[in-house]
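My request is simple: use the sequences and hints to build the entire structure.
So the protein lines, in turn, are chains A and B.
Going letter by letter, the first sequence gives residues 1 to 559 in the UniProt record's numbering.
Going letter by letter, the second sequence gives residues 1 to 559 in the UniProt record's numbering.
Hint data in this document are derived by calculation from the structure and do not stem from the laboratory.
Take these hints with a grain of salt, some might be off.
For identical chains, the list gives no copy identity; a pair is met inside one copy or between any two copies.
[What the hints assert, rightly or not] Once the Cα atoms are required to be at most 30 Å apart in a straight line, the calculated DSS-like pairs of lysine-lysine come out as:
1. Lys66 <-> Lys318
2. Lys466 <-> Lys318
3. Lys14 <-> Lys28
4. Lys290 <-> Lys14
5. Lys296 <-> Lys466
6. Lys430 <-> Lys14
7. Lys391 <-> Lys466
8. Lys416 <-> Lys340
The lines below spell out each chain.
2 protein chains.
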Amino acid sequence: MPGEAIDRPNPAPKPSHLPDLVDQLLVKFEKTNLDHGASSALSKYRRAACYVAAAMIFLQDNVLLKRDIKVEDIKPRLLGHWGTCPGLILVYSHLNYLIKQKNLDMLYVVGPGHGAPALLASLWLEGSLGKFYPEYSKDKDGLHNLISTFSTSAGLPSHINAETPGAIHEGGELGYALSVSFGAVMDHPDLIVTCVVGDGEAESGPTATSWHAIKYLDPAESGAVLPILHLNGFKISERTIFGCMDNKELVCLFTGYGYQVRIVEDIDDIDNDMHSAFSWAIGEIHKIQKAARSGKPIFKPRWPMIILRTPKGWSGPKELHGQFIEGSFHSHQVPLPNAKNDDEERQALQKWLSSYKPEELFTDAGDIIDEIKFTIPTDDKKLGMRPEVYKGYIAPDLPDWRQFCVEKGDQFSAMKAIGKFIDQVFVQNKHSVRLFSPDELESNKLSDALQHTGRNFQWDEFSNAKGGRVIEVLSEHLCQGFLQGYTLTGRVGIFPSYESFLGIIHTMMVQYAKFAKPRKPPGEGMSAASTTSRPVPGPDRSTMASAIRTPRSLAQSST
Amino acid sequence: MPGEAIDRPNPAPKPSHLPDLVDQLLVKFEKTNLDHGASSALSKYRRAACYVAAAMIFLQDNVLLKRDIKVEDIKPRLLGHWGTCPGLILVYSHLNYLIKQKNLDMLYVVGPGHGAPALLASLWLEGSLGKFYPEYSKDKDGLHNLISTFSTSAGLPSHINAETPGAIHEGGELGYALSVSFGAVMDHPDLIVTCVVGDGEAESGPTATSWHAIKYLDPAESGAVLPILHLNGFKISERTIFGCMDNKELVCLFTGYGYQVRIVEDIDDIDNDMHSAFSWAIGEIHKIQKAARSGKPIFKPRWPMIILRTPKGWSGPKELHGQFIEGSFHSHQVPLPNAKNDDEERQALQKWLSSYKPEELFTDAGDIIDEIKFTIPTDDKKLGMRPEVYKGYIAPDLPDWRQFCVEKGDQFSAMKAIGKFIDQVFVQNKHSVRLFSPDELESNKLSDALQHTGRNFQWDEFSNAKGGRVIEVLSEHLCQGFLQGYTLTGRVGIFPSYESFLGIIHTMMVQYAKFAKPRKPPGEGMSAASTTSRPVPGPDRSTMASAIRTPRSLAQSST
Ligand SMILES: Cc1ncc(C[n+]2csc(CCOP(=O)(O)OP(=O)(O)O)c2C)c(N)n1
Ligand SMILES: Cc1ncc(C[n+]2csc(CCOP(=O)(O)OP(=O)(O)O)c2C)c(N)n1
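As structure tokens, this is what we get:
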């Protein structure tokens with residue numbers, strides 16, 4: 001028995017024993033049809049972006065396929081992840097169209113950050129890449145540079161990182177995309193973050209609890225996250241839990257978390273299915289926000305989410321050496337790993353890349369054709385150029401710390417003094433400072449921070465719709481994810497925790513540190529772990545995150 | 001607005017907007033009535049155990065309340081967590097009765113390990129504590145020692161640890177109880193682990209994904225976990241997510257995870273409610289196991305789980321200084337923090353402790369009355385004396401490593417050689433070695449380990465019911481939790497992972513290390529991170545856990 005033998009591509013989940021009544025929980029409506037122009041433009045956008053993404057993984061020359069692919073056209077070392085790219089591009093294309101159509105302010109956060117080719121291709125297509133990096137201009141030379149140097153020491157890396165325009169989340173360690181998205185929309189009432197969560201990533205603990213984050217989002221003061229769970233069925237080498245759950249299991253689970261669930265899976269009519277789902281979701285978000293902002297908040301609002309089923313590596317090679325590629329784990333990374341030296345694989349590559357018909361998509365100058373441009377928003381709305389990601393960090397208005405001093409020789413808890421200081425910081429900064437705590441405010445003697453504000457737990461009738469500055473959720477992963485999203489979009493976050501438990505999120509801190517580099521000394525009056533700025537091209541920008549570590553003795557007596 | 005003002009004890013969740021049809025998903029049946037003898041004995045057991053647990057937190061003398069409590073009777077420093085104890089004791093009492101009635105092999109794993117008083121009191125009552133620690137004998141002296149020294153340097157600690165009889169899970173960092181429970185039952189077909197998960201703990205990421213663990217449990221070869229989600233509504237200082245979810249939200253969520261959900265919340269008739277739920281759950285477990293073991297496995301079996309709603313600190317003081325205690329976060333730790341120096345609090349303590357009527361529960365010699373003993377199983381079945389926890393580690397039958405060598409000067413991947421070695425280890429140890437991987441077997445070049453076995457993912461038709469030795473789930477937390485449960489019950493686990501991502505679970509490793517101390521050098525032929533034995537009283541016992549770290553370069557190219 002050599003592992004498992006899967007006898008067909010993209011196997012469907014086997015049915016569960018859940019009763020049929022559960023089907024009534026699924027969000028159902030008739031798809032609306034996009035007009036022909038939009039349909040055609042969207043599908044050409046996707047062909048162009050998929051072409052560029054795939055070419056980035058393989059080609060070092062002949063990047064527009066002006067002739068048959070030769071051995072020398074192929075990179076000596078093939079690196080990059082194809083499998084997730086078609087799904088990420090599908091979403092990107094529809095976000096573009098939606099932003100244009102409805103004039104939205106959006107960010108796009110991608111869990112499977114190893115799908116950098118999808119993002120970089122889209123950013124090149126819309127011109128954001130060229131804006132920050134002149135060498136990737138929207139012409140033949142720029143495209144040649146992008147494709148030929150990708151994943152080499154001379155080019156852009158294989159994972160999304162701080163250098164990726166529009167990005168607030170490092171690719172690498174999976175699990176935090178969703179919590180970071182929620183942090184980013186807090187106190188950004190007009191922002192919608194669309195977050196793609198991979199079905200592999202969704203198995204991680206941090207993601208599993210992040211779905212609850214809607215319970216800490218007050219729609220009167222904050223924006224919205226639109227989660228898309230991307231079921232392409234496979235991770236690196238196995239099927240995924242979520243890919244093996246049937247629609248009944250999925251709708252139960254996410255309804256239980258609090259969502260309305262729409263499943264998008266009509267592969268033959270994907271544009272209409274996707275667009276209808278997006279339109280519905282935006283409508284639901286606006287309803288919830290309107291109610292809260294007109295003083296009639298809905299208690300336990302059912303936020304929308306989308307579950308998207310696509311074959312892994314969709315539109316890539318179907319089979320190789322008798323193995324399925326599309327719709328299998330073989331498309332996770334490089335679907336044709338020996339394309340340089342194996343004739344059969346090189347021919348498969350030729351066939352695959354030419355199937356996108358690049359000659360119909362790019363002009364002679366190497367730009368994309370006007371029809372594709374029709375789907376792309378104006379500069380200020382482009383996913384790669386959002387001010388939330390680049391605008392400078394605005395320092396909080398800090399009180400004079402001396403008023404919190406005690407007389408020399410007096411006995412007073414240092415933590416209590418810090419609590420009083422934080423209280424005053426909240427008073428002076430009503431919408432740009434937050435505190436995230438894993439249920440340790442009281443035991444850390446910081447409860448004076450609640451003197452003029454409350455907790456922000458929307459499912460609790462006693463703190464619902466009160467705009468509290470404090471979130472206390474027993475998940476260090478959620479606290480740190482919220483903090484990252486909040487601070488990387490320009491605000492100030494505080495995360496007090498026991499010394500012994502901060503280690504729980506130390507790898508997240510490392511990812512965060514890679515995304516942001518030390519810059520200024522910490523603010524007055526508190527022990528700030530990092531004051532950081534990002535090396536992203538664009539206007540000056542820095543963020544401040546403070547982690548207050550409490551001493552071991554305190555931690556031990558209060559756990 | 002000083003935080004939130006909660007105007008009543010034990011507030012109920014506010015209703016969600018989920019449709020009524022969801023109620024049909026709840027498991028419903030008529031409670032059966034325990035006979036009067038059992039009822040009375042169970043409730044006396046609980047009074048006795050709650051009395052001892054509460055006394056442990058406060059008293060240093062007068063431990064059987066033979067006179068009114070004086071200042072000197074109270075410990076100088078009050079340490080311990082009361083809030084969770086009554087719930088833990090309720091479950092303990094019913095497990096005892098169930099084990100006796102149905103002759104079951106059970107372990108009890110407790111998430112809120114800060115509830116050590118509940119466990120230690122129960123272990124004293126059943127005599128397991130006295131068996132391992134003569135100073136805690138079942139008489140006046142033993143009880144005096146237990147109560148008066150608890151949480152002091154001379155006594156047992158405030159958290160469950162390796163010294164607690166029957167324990168396989170360290171109290172402290174919350175989140176892993178459930179995954180450890182699943183690891184313990186793997187390849188232990190007759191074992192049932194009942195696992196209490198706190199509603200605070202349930203907010204953690206590791207717990208949130210652990211509910212999926214049923215999908216990696218083959219009922220033909222492994223035992224069962226019976227999870228009890230304990231909703232006492234509060235954590236250290238805030239309401240909990242799960243406590244604020246109504247029954248509709250809860251049943252949807254856990255039905256989606258794959259469970260059948262029974263809610264136990266009839267506080268006025270709790271014994272009948274609890275016992276009926278347990279009887280039902282054991283019946284469901286046996287049905288699933290019987291089907292699988294008679295060659296007709298149920299695909300996607302719906303394992304039972306119990307949701308238990310009780311007031312936090314149930315049976316403790318109701319109010320103090322105008323604040324609710326029972327049914328509020330004030331009962332989390334020490335409900336009467338100034339009992340030593342405040343007359344009102346000392347009187348409240350007197351009233352509270354005497355409400356259990358210890359004089360009816362203990363004999364003059366300090367043992368418990370016979371009626372209570374009636375509920376306790378025989379020695380070999382007691383929760384504090386299970387052989388799985390104490391029996392010696394049986395070393396695996398290892399192949400000669402030399403046959404996996406390559407000629408000096410040859411080029412061969414070291415990881416591939418290790419994969420071939422592991423394959424042979426599996427062949428020679430069909431039911432006592434497992435490999436847990438966060439979806440990195442293939443990318444770590446270990447897939448030869450699958451030459452004679454498969455993956456054990458029950459929701460996947462291609463690996464269902466095949467007894468595979470490999471679990472690949474994209475959660476380092478699950479892998480490490482499974483490993484801990486599997487190895488701490490005497491078997492061998494392997495956890496290969498990228499160096500950069502092992503840090504995700506480094507605090508778990510620290511907890512594990514506290515539970516187990518280094519003893520022997522690792523086995524031949526692989527790089528074992530720890531070979532460990534536990535300093536638990538009882539027969540010799542050691543376990544082996546191997547973590548294979550893969551080099552950074554490999555990790556980077558394959559993430
Ligand atoms: C925490 C963590 N563990 C393991 C890995 C290694 N890894 C990289 S990609 C991947 C599979 C991801 O699957 P999925 O999220 O479904 O993404 P997609 O299939 O869309 O590529 C894994 C396990 C990782 N990046 N992070
Ligand atoms: C990972 C982690 N974060 C924080 C803590 C600090 N802490 C100790 S007890 C507790 C509350 C636990 O609540 P719950 O699980 O509901 O237990 P119960 O209410 O039954 O005591 C917290 C936050 C911890 N022990 N572990």
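Within, between, both or neither: how does the pair Lys391, Lys466 come out at a Cα-Cα threshold of 30 Å?
within (28 Å within a copy, 55 Å between copies)
Copy assignment of Lys14 with Lys28, given that the CA separation must stay at most 30 Å
The answer is both: 22 Å in one copy and 27 Å across copies each meet 30 Å.
Reference check for the pair Lys416 and Lys340, CA-CA at most 30 Å: within, between, both, or neither?
Close across copies (24 Å), not inside one copy (65 Å); limit 30 Å.
First find the shortest C-alpha distance between Lys430 and Lys14 inside one copy, then the shortest across copies, and answer within, between, both or neither for a cut-off of 30 Å.
between (51 Å within a copy, 28 Å between copies)
Go through the copies and call it for Lys296 and Lys466: within, between, both or neither, with a Cα cutoff of 30 Å.
Within one copy only: 13 Å inside, 55 Å across.
Using 30 Å as the alpha-carbon threshold, which applies to Lys466 and Lys318: within, between, both, or neither?
between (54 Å within a copy, 29 Å between copies)
My question is about Lys290 and Lys14: at a cut-off of 30 Å on alpha-carbon distance, are they close within one copy, between copies, both, or neither?
between (40 Å within a copy, 22 Å between copies)
How would you classify Lys66 and Lys318 at a CA-CA limit of 30 Å: within, between, both, or neither?
within (24 Å within a copy, 82 Å between copies)
In this structure, none of the earlier numbered hints is contradicted; all agree with it.
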